[in-house]
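Add chain B to chain A, keeping to what the hints say.
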Amino acid sequence: MTRARVAVVGAAETSELGVIPQLSQIELHADAARNALADCGLSPADVDGVATAGESPVAIAHYLGITPRWLDGTAVGGCSFMIHVRHAAAAIAAGQCRTVLITHGQSGHSRVGSGGRPGGGASLSGQFEAPYGIAGPPTMFTIPVLRYMKEFGLAHEQLAMVAVVQREWAARNPRAMYREPIKVADVLASRLIAYPFHLLECCLVTDGGGALVLVSAERARDFPARPVYVLGTGESSETPMVSQMEDFTSSRAFRVSGQQAFAEAAITTAEVDHLMIYDAFAHLPIYGLEDLGFVPRGEAGRFIWDRNTAPGGRLPLNTNGGGLSYTHTGMYGMFALQESVRQLRGTAPAQVPDVEISVAHGVGGMFAAAGTVILGREPG
Amino acid sequence: MPESRARRPKPVPTPETRHYWDGARAGELRLQRCRACTRAYFPPRPFCPRCASGDTEVFSASGRATLYSYVIHERPAPGFDPPYAIAVVALEEGPRMMTNLVDVAQTPEALVLDMPLEVRFQKLDDEISLPVFTPAGRA
Chain A
1330 MTRARVAVVG
1340 AAETSELGVI
1350 PQLSQIELHA
1360 DAARNALADC
1370 GLSPADVDGV
1380 ATAGESPVAI
1390 AHYLGITPRW
1400 LDGTAVGGCS
1410 FMIHVRHAAA
1420 AIAAGQCRTV
1430 LITHGQSGHS
1440 RVGSGGRPGG
1450 GASLSGQFEA
1460 PYGIAGPPTM
1470 FTIPVLRYMK
1480 EFGLAHEQLA
1490 MVAVVQREWA
1500 ARNPRAMYRE
1510 PIKVADVLAS
1520 RLIAYPFHLL
1530 ECCLVTDGGG
1540 ALVLVSAERA
1550 RDFPARPVYV
1560 LGTGESSETP
1570 MVSQMEDFTS
1580 SRAFRVSGQQ
1590 AFAEAAITTA
1600 EVDHLMIYDA
1610 FAHLPIYGLE
1620 DLGFVPRGEA
1630 GRFIWDRNTA
1640 PGGRLPLNTN
1650 GGGLSYTHTG
1660 MYGMFALQES
1670 VRQLRGTAPA
1680 QVPDVEISVA
1690 HGVGGMFAAA
1700 GTVILGREPG
Chain B
861 MPESRARRPK
871 PVPTPETRHY
881 WDGARAGELR
891 LQRCRACTRA
901 YFPPRPFCPR
911 CASGDTEVFS
921 ASGRATLYSY
931 VIHERPAPGF
941 DPPYAIAVVA
951 LEEGPRMMTN
961 LVDVAQTPEA
971 LVLDMPLEVR
981 FQKLDDEISL
991 PVFTPAGRA
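Residue numbers (our numbering), protein chains in the order written: chain A, 1330 to 1709; chain B, 861 to 999.
This is chain A alone, in the form it adopts within the complex (with noise of 0.2 Å):
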């Protein structure tokens, strides 16, 4: 018999059973998360790996508290719980995190807080945010902005130099949807979308896709193309309203994944040669580029204006032209690991030289939470 790596320490129902009209679904999960956390001793402090379905793990983790490093939030119906149990057994194995909380609360008969569309009335994004006019990314990922920009004194211009930057690079790569150069008056005079943002400052809206295919690195030189291996990962999440980060000038969920990455691939920022960071909106690559540890605080928009990160510059960023230019499927995470991959195996448009290390950030929802992978042309 395999030696056992893992094994359960805490379980519990909710205090109650039945009918239970005086919680709402997410207070259900909570309830039982306390629970079994107290069976075991432990604090939701003492948690780093989040797994739940019918709510979104960001959102069981921000509720109670947790800054997760890790996250499962397959759904695929009533077995999901058995599958999170599998995926935390592995992570927690592989050294991905400590201490997993798989949760389940559903009001599936008193209905209080549950079912409809996400987001619904009862949801806290649709009870605090929703009334007061949101209207889709445009309107939530942008918020925070203008803390920054009064914290570290960024410009409006440069805050378009993003858009301008990635264009260019956008021009090299004849997939791009967008290959026009553009000019930072250009942005500036693009229609206003949200203030301060214009419509060059926000990413497409295209149809597309992609997929990868892993296997163990001992088979990977079996394979026609070049291997790329992954050095690291990290994962992590904030909340699922923007309006309650911590902080709007820094991700939590930015910090922690890319930390975690760096950490698992024990490498610096030092030795990364190409790097995309999700660009649904003109401040993510600034966002990213700090929390990543790439640039100190408050000095992003600085270095993409001095030209850092263009075509030439010392840090190829979002080479293909990023989701401002080259494509923005709605989940454009797929297309910065692509790319990271064209840069690795040296098939690129835009092929930066001598890529020995590259790194991919993504985001989910408004900062709602991370991932970020680190790939490299040697295993390490």
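Please keep in mind that the hints were generated in silico from the structure rather than gathered at the bench. Since the model is a prediction, treat every value here as computed from it, not as a measurement. It cannot be assumed that every hint is accurate.
No more than 16 Å apart at the CA atoms, straight line, and that leaves these computed lysine to aspartate or glutamate pairs for EDC-like [said to hold, decoys possible]:
1) Lys1479/A - Glu1628/A
2) Lys1479/A - Asp1576/A
3) Lys1512/A - Asp1551/A
4) Lys1479/A - Asp974/B
5) Lys1479/A - Glu969/B
6) Lys870/B - Glu987/B
Chain B in isolation, oriented as in the chain A frame:
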């Protein structure tokens, strides 16, 4: 009440948020505070998100806040005519919340970060009044 306001997405209170919406209807901004670590927190839940204590209490906040960040949306949304600001304010007690800014021009010139604000309540219907904010010191 403007007709357009009736078309806004309406909050559906849950048992854990009922005190907040009851308070808003009564013209009070109600927050929760942890008795163990004394921190005020938002949005509502029956335990402290910082220290996990269940020993919490509801209290009436001062209604004073400062403007933390915002965007000015240039396109229409149900119940809103552009341009309108979607703001996040920092309450005097610490927590931040999303809101709208009323009785003030919806322009970058009029909306200056860190300006002092105070709460008002916009009635949506007999159950729901929304906390909104206006520049402090106005009648």
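Hints, verified against the model:
Taken as a hint, the Lys1479/A and Glu1628/A pair is honoured in the structure, with Cα atoms around 13 Å apart against an allowance of 16 Å. Our distance criterion of 16 Å between C-alpha atoms is met by Lys1479/A and Asp1576/A, whose separation comes to about 13 Å. Taking the CA atoms of Lys1512/A and Asp1551/A, the gap is near 46 Å; set against the 16 Å cutoff, the hint is violated. Our distance criterion of 16 Å between C-alpha atoms is met by Lys1479/A and Asp974/B, whose separation comes to about 10 Å.
Between the alpha carbons of Lys1479/A and Glu969/B the distance comes to roughly 14 Å, so the proposed pair stays at or under 16 Å and holds. With a C-alpha separation of about 10 Å, the suggested pair Lys870/B and Glu987/B falls inside the 16 Å cut-off, and the hint holds.
In summary, the structure is inconsistent with hint 3 from the numbered list given earlier, while agreeing with all the others.
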